[in-house]
Each structure stands twice: as C-alpha cells, then as structure tokens.
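Asker: Residue-level listing of the chains:
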Amino acid sequence: MTMSEKTARQRWMAILSRASRAEVASLLGPDLPQHEVLKAPETGTVMVEGRAGGAGRRFNLGEATVTRCVVRLAEGAMGFSYALGRDARKARLAAILDARLQAEASDSTLHQGIARLAENQAAARDLASRKAAATKVDFFTLVRGA
Amino acid sequence: MYVAVKGGEAAILATHDLVAEARRGDEAVPEISVAQIREQQGLACARVMNEGSLYDADLAALALKQAQGDAIEAAFLMRAYRTTLPRFGSSEPVDTARMAIRRRVSATYKDLPGGQVLGPTYDYTHRLFDFALMEASNIMVGLDPTISEREGEPHSAEDARVRPEHDAKPLDAHMPRVPDILGAEGLMEPEEPPEGDPRPFDLTREPVSFPADRDVRLQAMARGDEGFMLGLGYSVQRGYGNSHPFVGEVRVGEVSVAFVPEELGFAVDLGDITLTECQMVNQFAGSKDVPPQFTRGYGLSFGHSERKAMSMSLVDRALKCREFGEAAEYPAQQDEFVLYHSDNVEAAGFVEHLKLPHYVDFQGELELIRRIRREREERLARNQDTLPEAAE
Numbered sequence: 001m002t003m004s005e006k007t008a009r010q011r012w013m014a015i016l017s018r019a020s021r022a023e024v025a026s027l028l029g030p031d032l033p034q035h036e037v038l039k040a041p042e043t044g045t046v047m048v049e050g051r052a053g054g055a056g057r058r059f060n061l062g063e064a065t066v067t068r069c070v071v072r073l074a075e076g077a078m079g080f081s082y083a084l085g086r087d088a089r090k091a092r093l094a095a096i097l098d099a100r101l102q103a104e105a106s107d108s109t110l111h112q113g114i115a116r117l118a119e120n121q122a123a124a125r126d127l128a129s130r131k132a133a134a135t136k137v138d139f140f141t142l143v144r145g146a
Numbered sequence: 001m002y003v004a005v006k007g008g009e010a011a012i013l014a015t016h017d018l019v020a021e022a023r024r025g026d027e028a029v030p031e032i033s034v035a036q037i038r039e040q041q042g043l044a045c046a047r048v049m050n051e052g053s054l055y056d057a058d059l060a061a062l063a064l065k066q067a068q069g070d071a072i073e074a075a076f077l078m079r080a081y082r083t084t085l086p087r088f089g090s091s092e093p094v095d096t097a098r099m100a101i102r103r104r105v106s107a108t109y110k111d112l113p114g115g116q117v118l119g120p121t122y123d124y125t126h127r128l129f130d131f132a133l134m135e136a137s138n139i140m141v142g143l144d145p146t147i148s149e150r151e152g153e154p155h156s157a158e159d160a161r162v163r164p165e166h167d168a169k170p171l172d173a174h175m176p177r178v179p180d181i182l183g184a185e186g187l188m189e190p191e192e193p194p195e196g197d198p199r200p201f202d203l204t205r206e207p208v209s210f211p212a213d214r215d216v217r218l219q220a221m222a223r224g225d226e227g228f229m230l231g232l233g234y235s236v237q238r239g240y241g242n243s244h245p246f247v248g249e250v251r252v253g254e255v256s257v258a259f260v261p262e263e264l265g266f267a268v269d270l271g272d273i274t275l276t277e278c279q280m281v282n283q284f285a286g287s288k289d290v291p292p293q294f295t296r297g298y299g300l301s302f303g304h305s306e307r308k309a310m311s312m313s314l315v316d317r318a319l320k321c322r323e324f325g326e327a328a329e330y331p332a333q334q335d336e337f338v339l340y341h342s343d344n345v346e347a348a349g350f351v352e353h354l355k356l357p358h359y360v361d362f363q364g365e366l367e368l369i370r371r372i373r374r375e376r377e378e379r380l381a382r383n384q385d386t387l388p389e390a391a392e
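Protein chains in written order, with the numbering used here: chain Y, 1 to 146; chain W, 1 to 392.
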C-alpha cells in the first residue's frame, strides 16, 4: 500500500494509531462529545505475516497485541480505532476522533490538529533517519605503490 | 500409573512469598521499573517477544521483571498471556523493502544503493567493560573508549561524531533488498509467492506434519530458541550441512503493519513494529533441473535481533536441501529434528517436568530393580551350588 493510494480516512487512522494517548487526548480536548460505545475497547492480537525472502511465500512471523474500539456519536457518525498495543483509553478516544473527523470539513481545527501530529511524526522519522545516516560508511581506497 | 497426591499447599504458598522476595533482592537497592527494562534492556525484550511469539515491548519487559530476567520463563509468560486474547485476524504481509532503516549492512556488496548503514551495533566495540556505566564511579575507573567518550578528549576531524545528525541527509526512503539486486541479473534463486498467494499454515492452530513446508518452518524458527538456532546455524558453517553463506544483507528498522478489519473492508495501519531481516546468500553448484546460481536463506525476527535472524537464515537454507536435491545428512537439514526441538517453551516444559513428583513411577522402577537383583543373586547362588568342586 503506497501513500498515494490511501484515503484521507486511512491517513488519519494511521496517524492516530501512532500517536500517544496524551496526543490523542489533547486533540479531543477536555470535554468528550456525547457518544455511545458500540464495541468497548478490546485487546486481542493480529498475526503478523511476513514473506519468505521478503517477496515470496507468506508465513506467520508471530502475533502482536492490538486494541480496537467502535463508537457512535450522538449525531450518528460511527468511529473506529485499531492500534498496536493495549491502551484501551487511547482506543476509545481515537474512535471518537475518527467519527468526528468524518463529520467535519477537511479544514476544521481538528483536521489541522491531525496535520500537526502528522508533521511531528514525519519529523521524528526524519531525525531517526538522519541519526542512522550519520553511521553510513564512507569507503576510501588505499592505493598501494602509487 | 497416575495417582493424584494432595498436600504441599502451605509450602507452595510460602515459596510464592520467597520467590517474590528473591526477585526483589536487596530492598536497599531501588526497584527496577517495567519502563526501565523496556527502554534500557531492549535487546532482552526483543528475545522475549520472539520466543514468546508476541510483539508487545511493555509485556516483554513485564515478563522479564516477573521472571527475574529468565528469558525462557519470560517467553512462557508471553505465550500463556497470548492464549487469553482473541485473535482479530492476520495482517497484510509486512513489506521489508519499505522499512525505515536504522541499520543495514551487506557483506557481498561494498557500494550498494543506499549504502552501508552501521546503525546502533556492538560489532565495532572492543568488548572491554565500560565502568562509566556503573553508578558507583569511585569503585574503579576505566572506559571502553568505543562506547563512552573519554573525558576532555576532543574528537578528531574525521570522527563521525563531529558530524551531528542535523547535518546529515536522511537515508534513501527505498533501499533495495540485496538479493533482489542479484535477482535482476538472474543469478539468484527467485522468490515468488506460490500460485494464488495462499494463506500461511499456522502451527499454533493446526498440528504440524512432515515434511513441513517452508511457511511452517519459518514460523517455527521465528519463535524458536535463539541459542538452539545459533548452534544449528553454527553447525552448518562448520560442515554439518552443505553451506557456503554470505550475508547478502542484514537490515533493522521499523515497518508498518496493516490490517483489514472485516467491518471496514479497507486496510488500517496499526502502527510500526521493529523488525530484523537477514538475507543469506548461498552458493549452489546446480543440479539436473536447476542451473548453478545463488540460493537464499531467510531470517526475520521481532525487534533488533540480528543473531537470531542470521541463525534462522542459515538453518532456513539448510532445510531447503530437499528442494535442491541435496542429501539431508545433518541435524540442521532435517525439518522434523529442527522443528520438534527449537521451541524452548515446549523443550523446557518437558525437560523441567522431570523435577515434578514421580514418586509412583519411581516406586515401580525401584521394585523392578530389586526384583531383578534378587533373581540374579538367586540364579548366581544356584549356579554356585551346581558347580563341580575344584580339585584340591
């Protein structure tokens, strides 16, 4: 799956799954909108698959913990969250955000908040990559008898 | 014969208290937190996640704390907890070509696209104690200069440390996997999904039969004991298996995990996991059906766990002997041997069950040995009586 193929909703769900509970909570603010919990936060596993040689036959590498939640806002929008780990509170807040983000215009404050989170996550990835790049080997060749 | 015996409850309760005390150690020393283990003993957590077959760094750290650092006991805790969780399904196969690289080295190509990225590694340390890591610095002074910086010593101009990461450009977003470079030349055994890209076998749900297919073998090795896999991999290198391996590539970094929930019908990105991948390149002289080419051994593991991924890739190649018409003469080439003995939770269970009460079994054995001895003595005595008297 490449970035360009992703829908806007897939993008914000990916950003929320990587966000900390505190980040998700601060996006939502202190007052939660009225909502009904359709599926209470539940922790289970997803079997992570790999491919032999990176591109060949699928195989089961091992499981990972995942927590999911489904809510419905008073005005009817349904929100889902799925993320690695076991954070039930974050799962519920992220599901509420998913519902609200679907209901709001793409230039709303909430969408801007998601964009800021995405920027922070990109910056963290960039910094990690630059730290790794600092350990890249510069080869030089010793010429004998020249 | 199996006879239930009651008793020992009070002793067992007392041992629970005593093990808690032993785990805590000297109370004058601050208690270690799960977060500290997760952050500062990450390689131990990776091992527990692999052998526990569950990716969750917090739980791995908790398991290590609870098991007093016993990696196999910790893996057992992970396995036991896993059985209490529902499984939502399987992820899309992870794409290691899109890994956010932290470390990537190749022993086959010096100048490969994307470069050699050493990342965080102990490979180039001197393996000297770094006493600066001890809190009580007054006990002994001495540093491993490859880890700690010597006080007051300026870095030389060539030192990479004078180039802060802020000046470095990020790594290439896409780094080709090394076997794919050889593959483009047609010199590498191709690695393609079989017809229809079938769902993999799951040995946690179905009993394994032999000969085992590669998906079964890879799953078993991924959760196998690192020490056992290392020993088998080493045996292959020493001649107990036909192998001339090169590390095509080892890469470590973060890979996103995508999952398609039934109720949504589209892929949801669950977040990133750290993976280590090893592609071992092996010479192959060719056979009746297959031209001479390089063949692959593949290793993939949770967390930063190079030794595990490398060992797995050596044994993966050895286990492919049947596909290449090679004789399976050595342990590392025999799937039944490898798969039945690599799981350390199972192995520890069977070895360690020997210390549980076998009183009745043993009474039976004791009776048997006594009877046989008695019979032997009687037989000897009878023979003695019937022997002719020696001439005086």
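None of these hints come from the bench; they were simulated from the model.
There's no promise every hint is true.
Claimed, not checked - Derived DSS-like pairs: lysine-lysine, alpha-carbon spacing no greater than 25 Å straight-line:
1. Y:K136 x W:K169
2. W:K6 x Y:K131
3. W:K110 x W:K169
4. Y:K131 x W:K65
5. W:K355 x W:K6
Asker: Determine for every hint whether it applies to the structure shown.
Answerer: Do the hints match the structure? See the list:
| no. | hint | result |
| --- | --- | --- |
| 1 | Y:K136 x W:K169 | holds, 11 Å |
| 2 | W:K6 x Y:K131 | violated, 60 Å |
| 3 | W:K110 x W:K169 | holds, 20 Å |
| 4 | Y:K131 x W:K65 | violated, 31 Å |
| 5 | W:K355 x W:K6 | holds, 17 Å |
In the structure shown, a violation is registered for the earlier hints numbered 2 and 4, in ascending order.
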